[in-house]
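Chains Z and Y supply the protein sequences, listed in that same order. In case it helps, the numbering used here puts the first sequence at residues 977 to 1411. In case it helps, the numbering used here puts the second sequence at residues 1190 to 1291.
Please keep in mind that the hints were generated in silico from the structure rather than gathered at the bench. All residues carry an ideal CB built from backbone N, CA and C; glycine is no exception. Incorrect hints may appear among the rest.
Taking beta-carbon pairs under 7 Å as the criterion, some of the chain Z residues facing chain Y (in silico) [unchecked claim]:
hint: 1; residue: 1224
hint: 2; residue: 1232
hint: 3; residue: 1235
hint: 4; residue: 1239
Here are some chain Z residues the structure puts well away from chain Y; computed CB gaps all over 10 Å [claimed, not checked]:
hint: 5; residue: 998
hint: 6; residue: 1036
hint: 7; residue: 1086
hint: 8; residue: 1112
hint: 9; residue: 1372
hint: 10; residue: 1375
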Amino acid sequence: MYGETGTVMRQEFAELLRQHRVQQRLGETPVTRQERGLQIRQYRQTVLIWCSQAMAATSPLTFSNHTPAQPNPFRHAGADGGAPAGELGRAIDVAKERSTASPASSQQLTTPSGLPFLEHWRGAARAAALAEHDTATDIARRMTAPQAQAVVGDVAAIAQALVILDQRYRSTPGWEQLAQGSRLGWAALATALDVSLGQPDYTVDALGWRPKTKLIDGPPRPGVLGVLQAEHNLVVRMRSFPNATNLRYVVDSQRLLSRHLVPFAERIDPRLAARWAERAGTYALLQQQLRRIGGHIGKGGYAAAEGANAISRLRALPADTIVEPRVLSGFQLLFDRLDHRIADVIEDGIDRRAFFQRVTVPQLVGDSGDLVAPLQERFVPVDRTANPELIATVRGRLRPRSSSVVATPGASRADLHAALIHRPASGEPSDVRRL
Amino acid sequence: MQRRHAHALGQARTCLAALADEASTGNRDDASSAYEHVLIELDRIHCDETPDVYLGARTQDRAIQYELATTAIEELKTHGVEPLSVELLLWMLDDAYSQDCT
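Isolated chain Z, as found in the complex:
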């Protein structure tokens, strides 16, 4: 996730920016300093590669917040002016390509050096290597323009940090300064100012690579944790498309689970209890509407079994059990995911014609027999227009409303910016370890 890798990078650079008198830290002899200087340049090259890739991935979405008025609407506004983000991307590319240092190898990224000073560089480079997943092109496609602005702002801050550190390390034996370092610094400053004119969206921290959710195997956990375990496994099992019968079992289990969890939630969080009572009502309505629908495509037997596990474990709980707020929010999280998935299953099933609509058999008045053979009734695929109630339930009640997430820049961004303008206190060199 970009939030994690970006935070690590910023924390490590903030720490490096606060360390002065680097020659003493690099080693006693010029040879040692040269060796470690080369290692740092390799780590720096890894960070530059990430900066370059992030700028390239977000470039379609980066627009200047300070574009001059263009009287001709058919001309691109930033075509002749050169947006600051574009300049920064070019400056980073120049610095990356002209550097003779190779990027740090996997072994260098994963092997601790034992030197705290180098460990900060290694941490930053490792986070940059991992961040290549989080700002890759396929993830950048899902970004909004304000989210891309937040990434560009982060790259600008890290580029500024690289320029400052480059100046500080210039007396290291064999050190190679960043190509056009001053231009890179000015471009980073211009980009940071340009980004600050807009409103970058820091929800970008939630994007990126995540580890795959796995089943919680093993014997059932005691108490309410066993219910949570079964519900988690149900969410994982629902990745496969269920057939209509098993979908109805899952819907039934969710109705009962929500209803029976209400008394436990009421003692801790009445608002959550009211929400779950409403959820139980939604599933009761959905259950009625799904009786009219059938379908053979899909499986979902394991999902139905996990739903039954959750119910049986919940029924075995003593009525006076106290459920911790953390467990309750865990249930809410799983409920939201499952509701989304079930809504997707129903809508996808209708679109893929995986479900069919049941038809009523004409009722017989008696055994008089028909002189004229009636029209044969046939099962037909479910149609959206023929099932407005089901679609309304799925869209209006089942699918959780997207809560407006207010994301803040976070402490690490503020800390890095503070470190960029940091100066050691007079008479107290900052490299002296504080007691």
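Starting from the known structure of chain Z, fit chain Y onto it as the hints suggest.
What follows is chain Y alone, placed relative to chain Z:
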């Protein structure tokens, strides 16, 4: 499927759905779920190829619905449904009804 078989199935589904809905509105969720399971099992036995419920043919009396459902399910034996499955369905229905009445 013969028309009489389909009609018996439709009748059984209608009564079971009515019993489940009635239990649900009375906040007897466990009983409602038990009726629903009978309904799903009935559909599963018929490979989900069952007719829709008759929306306009419901009575309010729970005992009458139960009797009608039992009769309709028993009738399935005469249409080639395995007797053991029918007995299991009747046992599930009886269990659900006793939960509903307690």
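Each hint, compared with the structure:
1. 1224: 5 Å, holds
2. 1232: 5 Å, holds
3. 1235: 5 Å, holds
4. 1239: 12 Å, violated
5. 998: 69 Å, holds
6. 1036: The claim stands: residue 1036 (chain Z) keeps its Cβ more than 10 Å from every Cβ of chain Y (closest is about 47 Å).
7. 1086: 52 Å, holds
8. 1112: 43 Å, holds
9. 1372: Per Cβ check, residue 1372 (chain Z) is outside 10 Å of chain Y; nearest 20 Å; holds.
10. 1375: 22 Å, holds
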